[in-house]
Amino acid sequence: MWKSFSVLFASILVAMLGASQPASAADVSLTLKYGVLAGLTGDPAPSGQGWNEAARLAVDQAAATLKSLNLPGISVVLADSQDSQGNAQAGVEAAQKLVQIDRVNVIIGDFYSSVTSAAATAVAIPNNVLMFTGGTSPALTKLNTGPTPLIWQPVAADDVQGRVLAKIIADALGKSAKINVGARNDAYGTNLSNVFKEAWLAGGGTIPKFVIYNHQQPTLDSEAQEVAQGDPDGWLFIDFCQTFEKLALPLTRTGKWDPAKSFGSDTLNDCASRGSKNYPGMRATIANASSGTSFPAFRALFEQKAKPGVKFQAFLAESFDSVFVALLAALEAKSSDPLKISEHVVSVTNDPGTPYSFEQLDQAIKDVLDGKKVHFIGATGPIQFAPTGRVTATAYDIWQHKPDGTSAVVSTIKFQP
Amino acid sequence: MQASLHELAQLILNGVITGTILALTGVGASLVFGIHRVANFAHGEYLTFGAYMGLVFNSGLGQNLAVSALGAVGATALLALAVHLLVLKPLRGRGLVAMSLITVGIGLMLRNVVFMVAGPQIRQYDIDQSAVFDLALVRISPGQAVAIAITVVVAPAMALFLARTPLGKSMRAVADNRDLAAVSGIDVDRIGAYVWMLAGGLAGLGGIMFAAVQGAFDPNLGFEILFLIFTTVVLGGIGSAYGALVAGLVLGLVMELSTWSGLAGGLEARFKPILAFVALIGLLLYRPQGLFGRARVL
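These protein sequence lines are chains A and B, in that order. Numbering-wise (numbering that gives the first Met the number 0), the first sequence opens with residue 0 and increments by one. Numbering-wise (numbering that gives the first Met the number 0), the second sequence opens with residue 0 and increments by one.
The following block holds chain B by itself, in its conformation from the complex:
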């Protein structure tokens, strides 16, 4: 019984961490879709870029993980803005499919650039990966502790930013109805650029969290999580920032808890990702607009 409780607590913790990464990265992807009508398949590579920028600051420049995270967020935000200004904005209006395919190409290019520059070998941040904090019910690594700290600060801050600040409200307004927002006096182009920066920054943060939690990472890091990010976006309701926040957490928890042995023996670990997609299909059958989306958005 005690062992089962330990297992459950650990799974909840793991689920919250994975879920938070999905939630934060999903918010950016969702807002980008809502505002620019682009399914950004390069989003996973932004995570990879963020993780490697974190490595540059952490291992290369000897900064601690907090400073490295800030550096990674800034660098990835600039990357996202640059890609928007140099590639995606000039090509705007080519249609959802064409624009999304362009992002596939950008993603491939970014991944291979990381491969070329950083090499294929696995990397680690300069933190003690073998250290463990034993907190009675759960055991967490320094990387997980950092992820939890970031979660506690960033997730509510993100929610507050979107709910209370003029910029956050403008972003949601443009995502909700671009034309209506424009006639209401919102500079949709400027908001669009800010959204790319926000999405990039959150992806960079997700990348560094993901790399710290995994302990070791390589240039495939973002690609491995890309489809889960999109599952989060669709589950939460395309274009809905709050939806992505909730859906990410739900997805992370559902996937981890499904393997709990106290739940009829638990699901085999290899079926976790399948469960995510089954949950998505099931939800969409009954609520096509996702958890928080409006039917007309689709």
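Chain A with its partners taken away, still in its complex shape:
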């Protein structure tokens, strides 16, 4: 009797001790399945292929680290990469494949806001799947209506970018300058141009011509003519490189356009790297995606291991970082359930916590499994996700197209929204 009681007491004691201890590797068993959603063909392909490669490299890195730590119960898999073609309808179909057939927990992408919005509404949110988007529309995180966000935006949204553009143009050309705006006719172009318009007019500037154009028009000659009119002090263009080229050539023909007085949105920072062309003197701003101390290491890894022919771009760090954020959050949640992971995203990307980058992923994983708090510092920078799904770190790089056809960061500004 006494012996049985002793055994029972010892068992209860062991169980209680176990419960009060931090999670150990043996306690955590999960398989985290990622899917990539990006435009792998068509216009977005030069960026989409890179986005996919960055995610693949991160998953490979995570898998290798887990293996080196001898954690057989924990695995990460890149289940599939689906082509959205940069198109909302194709994006929804692609996301459905990822969720319903591949059963992914986390979708990395899309970097088009229009695709993310459609795929999130139709697929990710109804199925409780996490999405880490590269889209910059402020409307994306507003899709998060549940108690925990499912849509995470690892880059500052356009409502911030519009005001940043107004600031840098005011700094360069004066607050009361006349700025003509040319923007593509989609959610990205119209939203960002409207944010800029509001900020610019509020600051005392004027906009003689505000041209929203259909980028899929056969030719954009009349649009270029209109954008060049009104004797402006400068221009702002919101478009993607492939279609901007269609506008830029007729703009050049007007004889009135000066690229050195032109500014572009984040997508126009370096068109040469996207298979298009740069216009010497033109400037563009982009949320700083390279301020992380590990950015050079990410770049080196990409250039070494990415598929040949896929060009490196700074914004790919968003895709790369998202994989690690999801993994660390899953480990902290001890679950691959997207809703549980979501509850831990803020925790692993903010202070307090020991700062780790992907270069110290092994130590970060150990700490999380030991119940210690970590702050993952991405290649993009400190990330610092807010509970709304947005990042709170808002530094912006100003890029300028160079006479030799390349483009480079000429300065970085901190912006307080």
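Hints are computed from structural coordinates only; laboratory data are not their basis. The beta-carbon is built from N, C-alpha and C at its ideal position, and this holds for glycine as well. Hints may be right or wrong, so weigh each one.
[Claimed, not checked] Which chain A residues stay away from chain B? Per the calculated CB distances, all over 12 Å, these:
| id | residue |
| --- | --- |
| 1 | 28 |
| 2 | 48 |
| 3 | 64 |
| 4 | 176 |
| 5 | 216 |
| 6 | 222 |
| 7 | 224 |
| 8 | 228 |
| 9 | 252 |
| 10 | 259 |
| 11 | 365 |
| 12 | 374 |
[To be verified] Computed beta-carbon distance windows for the label pairs:
| id | chain 1 | residue 1 | chain 2 | residue 2 | range |
| --- | --- | --- | --- | --- | --- |
| 13 | B | 4 | A | 257 | 22 to 32 Å |
| 14 | A | 353 | B | 118 | 41 to 51 Å |
| 15 | A | 174 | B | 265 | 25 to 35 Å |
| 16 | B | 265 | A | 173 | 27 to 37 Å |
[As the list claims (entries may be wrong)] Calculated lysine to any residue pairs in the SDA-like style (CA-CA distance at most 20 Å, straight line):
| id | chain 1 | residue 1 | chain 2 | residue 2 |
| --- | --- | --- | --- | --- |
| 17 | A | 208 | B | 264 |
| 18 | A | 339 | A | 358 |
| 19 | A | 276 | B | 131 |
| 20 | B | 168 | B | 270 |
| 21 | A | 208 | B | 265 |
| 22 | A | 401 | A | 259 |
| 23 | A | 413 | A | 391 |
| 24 | A | 276 | B | 171 |
| 25 | A | 66 | A | 300 |
| 26 | A | 208 | B | 270 |
| 27 | A | 208 | A | 276 |
| 28 | A | 310 | B | 118 |
Fit chain B to the known structure of chain A by using the hints.
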């Protein structure tokens, strides 16, 4: 006033160029429909193919744009003939909807082949895209100048070919009434093959013109213009070659001139394509057969 005149002249020039491309490509699509009863949704991809064949001759083989255009026309004509002989002819008689859907598939396939072979990046012909000829009222690029030169030669030649040559008359006869043409001794199968070659050749020419005018192009080139080509065909009267020629020019001019600031401030540029379809709907309400079509054709 002077600025407005400049703007108007430039818009007319732009409209004529766009209109000519629509007209020439529309003629082929219209004749194909008239003769084969196929709404060829791969027609846009023939333009793309032509533009890329032009690139092969121009940038790859170092030929000038005129030689490249001839090469592109020939290659696209052969492509159209091959698709006709290998796919569409064996499937003839499956009905308008089935045949048209097959062309959708052919178009998708062609576009993706171009994507795979040429890549998604934008391309340019080996001509100085930044050069401009300042002709007092208008400024034109070398690409536009080439397009105008082609227009001046090809559009009247096309009209003459259809009006005066036996082959052109036979094509119009078959498009007008296939059975009547057959009993009149016209070899409709042979004419059908020639029409595919003509449509392909004109599409190839349209593709190279379009690419030269745009200055830069990618594999989406033809897809972007496909619906405007069909608008041209319907506006001109399905099956009517002359109708397509006129409708293309009208459409190009109407779309461009609608943005003229002298016209009550002008329409916003983004509404140009909508205007094309509004014009189409408006016309069809009052003249269902299109500008030059006969009621019985529909």
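Here is what the structure says about each hint:
The Cβ of residue 28(A) lies farther than 12 Å from every Cβ of chain B, with a closest approach of about 42 Å, so its non-interface assignment holds. Its closest Cβ contact with chain B, about 9 Å, brings residue 48(A) to no more than 12 Å, contrary to its assignment away from the interface. The claim that residue 64(A) lies off the interface holds: its Cβ sits roughly 33 Å from the closest Cβ of chain B, which is beyond the 12 Å cut-off. Every CB of chain B is more than 12 Å from the CB of residue 176(A) (nearest about 21 Å), matching its label as outside the interface.
For residue 216(A), the condition that its CB be more than 12 Å from all CB atoms of chain B is violated, with the nearest at approximately 7 Å. Listed as a non-interface residue, residue 222(A) fails to keep its Cβ farther than 12 Å from every Cβ of chain B; the least gap is roughly 4 Å. A beta-carbon of chain B is positioned within 12 Å of the beta-carbon of residue 224(A); the least distance is around 6 Å. Under the 12 Å C-beta cut-off, the non-interface status given to residue 228(A) relative to chain B is violated; the minimum distance is some 8 Å.
Not every CB of chain B is more than 12 Å from the CB of residue 252(A) (nearest about 5 Å), against its label as outside the interface. Consistency note on residue 259(A): stated as away from chain B, and its beta-carbon is indeed over 12 Å from all of that chain's, at 15 Å minimum. At roughly 42 Å, the least C-beta separation between residue 365(A) and chain B is larger than 12 Å, which holds for a residue marked as non-interface. For residue 374(A), the non-interface assignment is confirmed: its Cβ lies about 38 Å from the closest Cβ of chain B, beyond the 12 Å cut-off.
Range check, residue 4(B) to residue 257(A): about 24 Å between beta-carbon atoms, so the 22 to 32 Å window is met. In this structure the supplied range 41 to 51 Å holds for residue 353(A) paired with residue 118(B), their Cβ-Cβ distance being about 44 Å. Between residue 174(A) and residue 265(B) the C-beta distance comes to about 29 Å, which sits within the given range of 25 to 35 Å. For residue 265(B) paired with residue 173(A), a C-beta distance near 29 Å keeps the hint of 27 to 37 Å intact.
Between residue 208(A) and residue 264(B) the alpha-carbon distance is near 12 Å, which keeps this suggested pair within the 20 Å criterion. Under the criterion of a C-alpha separation no larger than 20 Å, the hint pairing residue 339(A) with residue 358(A) is inconsistent with the structure, at around 26 Å. For the proposed pair residue 276(A) and residue 131(B), the alpha carbon gap of about 19 Å is at most 20 Å, so the pair holds. A hinted pair counts as satisfied when its Cα atoms are at most 20 Å apart, and residue 168(B) with residue 270(B) does not qualify at roughly 39 Å.
This hinted pair checks out: residue 208(A) and residue 265(B) have alpha carbons roughly 13 Å apart, not beyond 20 Å. Our distance criterion of 20 Å between C-alpha atoms is met by residue 401(A) and residue 259(A), whose separation comes to about 10 Å. Pair hint residue 413(A) plus residue 391(A) holds up; C-alpha atoms about 12 Å apart against a cutoff of 20 Å. With a C-alpha separation of about 46 Å, the suggested pairing of residue 276(A) with residue 171(B) is violated against the 20 Å cut-off.
Using a Cα cut-off of 20 Å, the hinted pair residue 66(A) and residue 300(A) holds, with the two alpha carbons roughly 19 Å apart. Taken as a hint, the residue 208(A) and residue 270(B) pair is honoured in the structure, with Cα atoms around 16 Å apart against an allowance of 20 Å. A threshold of 20 Å between alpha carbons decides the hint, and for residue 208(A) with residue 276(A) the separation of about 25 Å lies outside it, so the pair is violated. Taking the CA atoms of residue 310(A) and residue 118(B), the gap is near 13 Å; set against the 20 Å cutoff, the hint holds.
Violated hints, in rising order: 2, 5, 6, 7, 8, 9, 18, 20, 24, 27; the structure is consistent with all others.
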